[in-house]
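Taken in sequence, the protein lines are chains A and B.
Its first residue numbered 1, the first sequence is counted upward by one per residue in our numbering.
Its first residue numbered 1001, the second sequence is counted upward by one per residue in our numbering.
Worth double-checking, as some hints may not be accurate.
[What the hints assert, rightly or not] Pair by pair, the computed Cβ-Cβ distance ranges are:
(1) B:Arg-1053 x A:Asp-100: 28 to 34 Å
(2) A:Arg-68 x B:Asp-1021: 57 to 63 Å
(3) A:Glu-135 x B:Thr-1023: 42 to 48 Å
(4) A:Ala-138 x B:Asp-1077: 47 to 53 Å
[Stated by the list, open to error] From chain A, some residues computed to sit far from chain B (all C-beta separations above 10 Å):
(5) Met-20
(6) Ser-58
(7) Glu-107
(8) Arg-156
(9) Val-303
(10) Asp-304
(11) Glu-309
These are calculated hints, taken from the structure and not from any lab test.
Glycine included, every Cβ here is placed at the ideal spot set by N, Cα and C.
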Amino acid sequence: MPALAGAARDLVDAIGSTPMVELTRLAPHDGVRLFAKLEGNNPTGSVKDRVARAMIESALADGTLRPRQTILEPSSGNTGISLAMIGSRLGHPVRVVLPDNTTPEREQLLRIYGAEIIFSAGAEGSNGAVRLAAELAAHDATLFVPDQYGNPANPRAHELTTGPEILAQVPELDVFVAGLGTGGTLTGVGRCLRRERPSARVIAAEPLPGERVQGLRSLEDGFVPPVLDESVLDDRYLVANRDAVIGLRRLLREEGIFAGLSSGAAVTVALRVAREMKSGTIVVLLADGGWKYLSADLWTRPVDELDEELDGALLW
Amino acid sequence: MTTVRIPPVLRDVTGGSRAVDVTGATVAEALEALFSRHPSLRERVTDDGRLSRFINVYVNDRDVRYREGLETPVGPDDTVILLPAMAGGGG
Chain A
1 MPALAGAARD LVDAIGSTPM VELTRLAPHD GVRLFAKLEG NNPTGSVKDR
51 VARAMIESAL ADGTLRPRQT ILEPSSGNTG ISLAMIGSRL GHPVRVVLPD
101 NTTPEREQLL RIYGAEIIFS AGAEGSNGAV RLAAELAAHD ATLFVPDQYG
151 NPANPRAHEL TTGPEILAQV PELDVFVAGL GTGGTLTGVG RCLRRERPSA
201 RVIAAEPLPG ERVQGLRSLE DGFVPPVLDE SVLDDRYLVA NRDAVIGLRR
251 LLREEGIFAG LSSGAAVTVA LRVAREMKSG TIVVLLADGG WKYLSADLWT
301 RPVDELDEEL DGALLW
Chain B
1001 MTTVRIPPVL RDVTGGSRAV DVTGATVAEA LEALFSRHPS LRERVTDDGR
1051 LSRFINVYVN DRDVRYREGL ETPVGPDDTV ILLPAMAGGG G
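Same shape as in the complex, but just chain A (with noise of 0.2 Å):
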């Protein structure tokens, strides 16, 4: 059948070319414009559809993942679930490590997708997941781990389509903030910024992680995941669980938008910013949409309440 010129051919060729709206009413004031790329419009709901397509194809088309192969990736949900949808259209089974203190919705949404799920220790956080899986990758060969903290697949996704559409949606951008999980987007979109607009600023929004989710047993059991290229960063700023909070709600009272919990952090961080600056633009990435988190109930109870339970979750 011939492809139909206003229609991808595959989900999988849904994935990108994301809205990206202007935050008239949060914006602090006159002098700053704030836009938003609205991330969660991909196919499963997240950013993370770019890098699990990105990882895929890398790996198929330089042999290292071969035909009907699993994949097998620590995860705590959004990739996962990117890489589940992606391997059923693709016909590569998937497991994913995932730390047993996500949302159910998570957990749900892996299995609807058809993937294996392993739970890791969510006192472990994101590095229990990663050492488990690389434990189990140890001892089976037959499995493939793309390792989004370590493949630079990751950051050349968002190097190639990310960057790339931000540019042509605000080509006056000055200051872009994303939140920092793998580090793929922050690498990718700046590198894309530093060659195309170097004077625009890059900024990381960081969670301050929970008491109990530091459960490490030493501070080597901490890394810096090799994908992030810190050079690219013009700054970095801790947010708060309550913080992000208190942004995510602002987003969708004030702006309309139902995003995820790494969402309001971002936004927080740029708010911050855009108050500092007497005149500018600012592109803040949301990473995905609120319906990961509906369980949570991140929308309505009391803040400090939340603050408290936050404190052992998952939620980035």
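With chain A's structure known, arrange chain B on it following the hints.
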């Protein structure tokens, strides 16, 4: 006094304390004051006189590496936060 927040992974050294109050005009001085109280923290947090790559240091909410590093000024109302480098979430 400047407050230094101690992450759980280092609290064995501080006898379980989550925070230690110190005086100092810069991050370096605040950390020296901390090390003089808890000498074994020095080798856990620094490596050849520099900050360990496994630790991130913030004044209030800003990473000092993107400001003036260890020379970043601190005041009596500021909080210095020590955090282990961890895999981020969102993945």
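Outcome of the hint check:
Between Arg-1053 of chain B and Asp-100 of chain A the Cβ separation comes to about 29 Å, which falls inside the hinted range of 28 to 34 Å. Here the CB-CB span from Arg-68 of chain A to Asp-1021 of chain B is close to 60 Å, well matched to the stated 57 to 63 Å. Checking the proposed 42 to 48 Å range against Glu-135 of chain A and Thr-1023 of chain B shows it holds: the Cβ atoms sit about 46 Å from each other. The hinted range of 47 to 53 Å is satisfied by Ala-138 of chain A and Asp-1077 of chain B, whose Cβ atoms lie roughly 49 Å apart.
Listed as a non-interface residue, Met-20 of chain A keeps its Cβ farther than 10 Å from every Cβ of chain B; the least gap is roughly 20 Å. The beta carbon of Ser-58 of chain A sits about 18 Å from the closest Cβ of chain B, which is more than 10 Å, so the claim that it is off the interface holds. Non-interface status of Glu-107 of chain A relative to chain B is upheld: no Cβ of that chain comes within 10 Å, the nearest being about 16 Å off. Even its closest Cβ contact with chain B, about 16 Å, leaves Arg-156 of chain A beyond 10 Å, as expected for a residue assigned away from the interface.
With a cut of 10 Å on Cβ distances, Val-303 of chain A stays outside the contact zone with chain B, its closest approach being about 17 Å. For Asp-304 of chain A, the requirement that its beta carbon stay farther than 10 Å from each beta carbon of chain B is met, with the minimum near 19 Å. Once the 10 Å rule is applied to beta carbons, Glu-309 of chain A is consistent with being away from chain B; the minimum gap is 16 Å.
The structure is consistent with each of the numbered hints, conforming to all of them.
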